Amino acid sequence: MAFVISYLHMKTKVVLVVALLVVTALPTASPIFADETPYQKAEQTYLSRLDTYRSEQTNFQTARQKYLDYNTLTSETTAINAGRSFQEATIDLVTGYLDLIIEKTNETTSISSNDKEYLVNFYRAEKSYYDSKRKEVSSAVAKEELKALGDDLNNHLASETKTRLPIIRAIIASNEYRSYLDQTAIIFEDTKKFIADQGFLSKATADLIENWVGDTNDKLRQSNETMKEITLNIRSYKEDGGASNEKQIRLNKANNDLSNLWGNLISLTTNLSEILGRLRNG
Amino acid sequence: MVNGKTILKRKPKIIFYIFGTLTLAIAISLAVLLLSRFKMPLPETAVHTETPETITTLSNPSEDYKLIVGNELDKVSTLSAEIKDSNSWLTIELPSVDFKVEL
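Protein chains in written order, with the working numbering: chain A, 1 to 282; chain B, 1001 to 1103.
Check each hint, because a few of them may be wrong.
Calculated pairs, DSS-like style, for lysine-lysine (alpha carbon to alpha carbon, straight line, at most 27 Å) [to be verified]:
no.	chain 1	residue 1	chain 2	residue 2
1	B	K1075	A	K192
2	B	K1013	A	K41
3	A	K192	B	K1084
4	A	K238	A	K127
5	A	K228	B	K1084
6	A	K162	B	K1075
7	B	K1084	A	K133
8	B	K1100	A	K66
9	A	K247	A	K192
Which stretches of chain A does chain B cover? Using the computed rule of at least three CB atoms under 8 Å from a CB of chain B, they are [claimed, not checked]:
no.	segment
10	115 to 129
11	166 to 177
12	203 to 213
13	265 to 276
No lab work stands behind these hints, which were simulated from the structure alone. Since this is a predicted model, take the numbers as computed values, not measurements. All residues carry an ideal CB built from backbone N, CA and C; glycine is no exception.
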């Protein structure tokens, strides 16, 4: 009896210490571990849903094969349940991707109000569609229902989601790159003032800097022109009715230009680092 | 044999134990808070916001010039890292999915 009481007493002590430490220390420490941005959280959720999707796909394929092989009532029920879980996981994956896009939109503060409205409207419409379909899938009990829902979802995915995602991605990237281009231009203007303020430079350094400045000037002008082209193509894609092949050409051109612009931005910042480094070191 | 008196005798010990644990927890919390302060970005210094026009009026132009140019260099490095990283989200794409469930 005494041993039991003593044991309980000791156990209480340990539990008390752990509980008090956790209750007191964790809320204070939590801000340190809560460094993840909403976008990073959405990315983690998306990646985890991708795993779930893959495993549910395998489960469904296995259950389907068993049903086709044995054709029993039990195997049919198992296959229907696996099919439902697979469709739910697929919807979760798509909505997870949409969440990722909207968090990227929220994170990119340089997005124009017009573009933001376009992106948010796309997100709301898509999310509403998939949320409502998920409810239908969850309550489906017959294989015919799941088949019909699968067809509906596939049609929507092909005609809406997959068609509009490339332009959505291009809009976000173009806004982000425009902001980087503006920041680069400001730093370049400051750098030119630094060069003017530098009292003495050896001829070799002065020549080198002059070359870099010339190259930066050219790249900046070229980048601004590319940015205008991108904006024009994206706007035309969004606003023009136009034939789908023409729209596709505009989108491809915009994406190609975005890729070149990104390379140019890297090159511009490298040039500026070289100039500033040389100015600082004399 | 444990009786009522023994439990009463132990009570102050338990109270002491609770206070001891609480003190320890508060100490850990304070240490954590102090550590977290180091993770916060440092406020911008006055030098960082200097415009190039003010350089010539400073007492030691050469050193100040180097400092201001160095700050600008830091800005470029940060911007360059941001630009390089900005492309990473574009590598995440929605895979080809098929909702078809046919039995």
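Quick rundown of the hints versus the structure:
1. B:K1075 x A:K192: Given pair B:K1075, A:K192 holds - Cα atoms ~15 Å apart, limit 27 Å.
2. B:K1013 x A:K41: violated, 46 Å
3. A:K192 x B:K1084: holds, 24 Å
4. A:K238 x A:K127: This hinted pair holds, its Cα atoms lying about 20 Å apart.
5. A:K228 x B:K1084: holds, 22 Å
6. A:K162 x B:K1075: violated, 38 Å
7. B:K1084 x A:K133: Answer violated: B:K1084 to A:K133 is near 38 Å, above 27 Å.
8. B:K1100 x A:K66: Holds, at roughly 17 Å.
9. A:K247 x A:K192: It is violated: about 41 Å lies between the C-alpha atoms, which goes past 27 Å.
10. 115 to 129: violated (count 0)
11. 166 to 177: holds (count 4)
12. 203 to 213: Since three or more residues must qualify, the claim that chain B covers the segment 203 to 213 of chain A is violated, with 0 doing so at under 8 Å.
13. 265 to 276: holds (count 7)
In summary, the structure is inconsistent with hints 2, 6, 7, 9, 10 and 12 from the numbered list given earlier, while agreeing with the others.
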